Amino acid sequence: MLGAAPAGAGAQTGTPALTAALELLESGRPAEAEAALRRLLAAADGAAARDLLGLALSQQGRLEEARAQFARAAELAPQAAAPRQHLGRALIQLQRDSEALTTLRDAARLGPLDRDLARWLAAAELAGGDLAAAEIQLRSLAERHGSVTALMQLARLAARRADQEAALAALRRALELAPNAEAPLAAFAQVALRSGDPVAAIRALEPLTRMHPAVANHHYLLGVARMQVGEMPGAEEALRRALELDSPRAVTLVALGLALNGQKQFAEAETVLAESLQLDPGSVEALAALAEAQEGSQKLAEAERHATRALALDGGHARAHLVLGKIRMNQGRHQEARDQLLEAVAAEPDSPKAHYQLSLAYARLGDMERSEKHRELYRQALDEAERRLAEVRAQAGLGARGM
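Quick note, my numbering runs 2 ahead of the 1-based positions in the sequence shown.
Check each hint, because a few of them may be wrong.
Below 30 Å or equal to it, Euclidean Cα-Cα: the simulated DSS-like pairs (lysine-lysine) are [unchecked claim]:
id : residue 1 : residue 2
1  : Lys266    : Lys355
2  : Lys375    : Lys355
3  : Lys301    : Lys266
4  : Lys355    : Lys301
5  : Lys375    : Lys266
Distance ranges between label pairs, derived from CB positions [as the list claims (entries may be wrong)]:
id : residue 1 : residue 2 : range
6  : Pro235    : Gly148    : 49 to 57 Å
7  : Gln333    : Ala171    : 44 to 52 Å
8  : Leu281    : Glu184    : 23 to 31 Å
9  : Arg174    : His214    : 36 to 44 Å
10 : Leu302    : Leu281    : 46 to 54 Å
11 : Ala164    : Gln62     : 46 to 54 Å
12 : Glu388    : Asp99     : 33 to 41 Å
13 : Glu386    : Ala183    : 52 to 60 Å
If you're looking for bench data, these hints aren't it; they were derived computationally from the structure.
Everything numeric in this text was worked out from a predicted model, so none of it was measured.
Quick reminder that beta carbons are idealized off the backbone N, C-alpha and C, glycines included.
Could you put together the complete structure from these sequences and hints?
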């Protein structure tokens, strides 16, 4: 049940009789306040006295009577927000939610709602699918009351409409208010990963895994983030820890397989990725990663079969095209290799490996101008990958380790 608002909210007019009634309410003497207010109303009706009488009745648990007084106060003072807020709270306590919703929408148009009412209205608007109206109340909660919960909800709404910058901004504010809170740290890391900023994700996940070392998903996300910046040994460490803490999940095994591929540990990667496919036989990522491991071990027939299966499920998969391009290069089918590698670059323009292999394909075809172009793009992509890795190492205090 929602508590009553402070007794004097919006109800004082400065008259001695009303001031005396308010003092009685604030000192916990609602019955005496009721008697005084009824005497005042017998002489002259008024919105402020009705509103205070409603509060006196509410404090005594007489909610239906209180509701009637708040409704009359709202009629007498149609531009006053407080009576409508008090009426809305009484309706909520009486479980008359549809009436409360209408009343609080009206009250919100007159001014900011009290914290409990803004929270209730935001939840009601979310449940009804009016996200814009819910966001207005959530912003009020965030700005006026510093509500971390409201900021988290704002971030979810922003992410839902694919506005990652707005989501990150809301989560940064939440972390300013609660810097060590698990939920904002985890949410920030996930949004940062989705928006292509693994460095920011790592900054959130490193302390998160120290504060909550038994949560498998935190270690999994840290492994993914480290892998995205090329910090493969650290990624492997985090992903193995995630697997220790929870029953094997296909996505964790795929990520570990990719980290092992990144360290050229192809035999172990093949074992891990085969296990992931037992859990999720239709995983495109697992098929492409397994093809990569097998190509690295020179199991070209198996690699081609798995890369082809991946592309049958997702014709634009960068890793599968890269693997087929490398296989075609190995077979001396350079034009086909070029075509596969062009697809890989189109799907993942900042991939150093794809640009490097494409430069080789063009060189074999005698097109030195395009070969040099992609060699330069390879160098640029590699420099950017090394810059991000150095930033992570500086942040985490890591020593120099190979990609």
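Do the hints match the structure? See the list:
1. Our distance criterion of 30 Å between C-alpha atoms is met by Lys266 and Lys355, whose separation comes to about 14 Å.
2. Restraint check for Lys375 and Lys355: satisfied, since their Cα atoms lie roughly 14 Å apart, inside the 30 Å limit.
3. Restraint check for Lys301 and Lys266: the C-alpha separation of about 14 Å stays at or below 30 Å, so the hint holds.
4. A threshold of 30 Å between alpha carbons decides the hint, and for Lys355 with Lys301 the separation of about 19 Å falls inside it, so the pair holds.
5. Proposed proximity of Lys375 and Lys266 is supported: the alpha carbons are some 27 Å apart, at most 30 Å.
6. Distance hint check for Pro235 and Gly148: the Cβ-Cβ separation is about 40 Å, which falls outside the suggested range of 49 to 57 Å.
7. As the Cβ distance of Gln333 to Ala171 is approximately 50 Å, the hint placing it in 44 to 52 Å holds.
8. A hinted range of 23 to 31 Å for the beta carbons of Leu281 and Glu184 is consistent with their spacing of about 27 Å.
9. With their beta carbons about 20 Å apart, Arg174 and His214 fall outside the hinted range of 36 to 44 Å.
10. One distance hint, 46 to 54 Å for the beta-carbon pair Leu302 and Leu281, is violated here, with the actual separation near 26 Å.
11. In this structure, Ala164 and Gln62 meet the distance hint of 46 to 54 Å, their C-beta atoms being roughly 51 Å apart.
12. The supplied range of 33 to 41 Å is broken by Glu388 and Asp99, whose beta-carbon atoms lie about 58 Å from each other.
13. Restraint check, Glu386 to Ala183: a C-beta distance of roughly 32 Å breaks the suggested window 52 to 60 Å.
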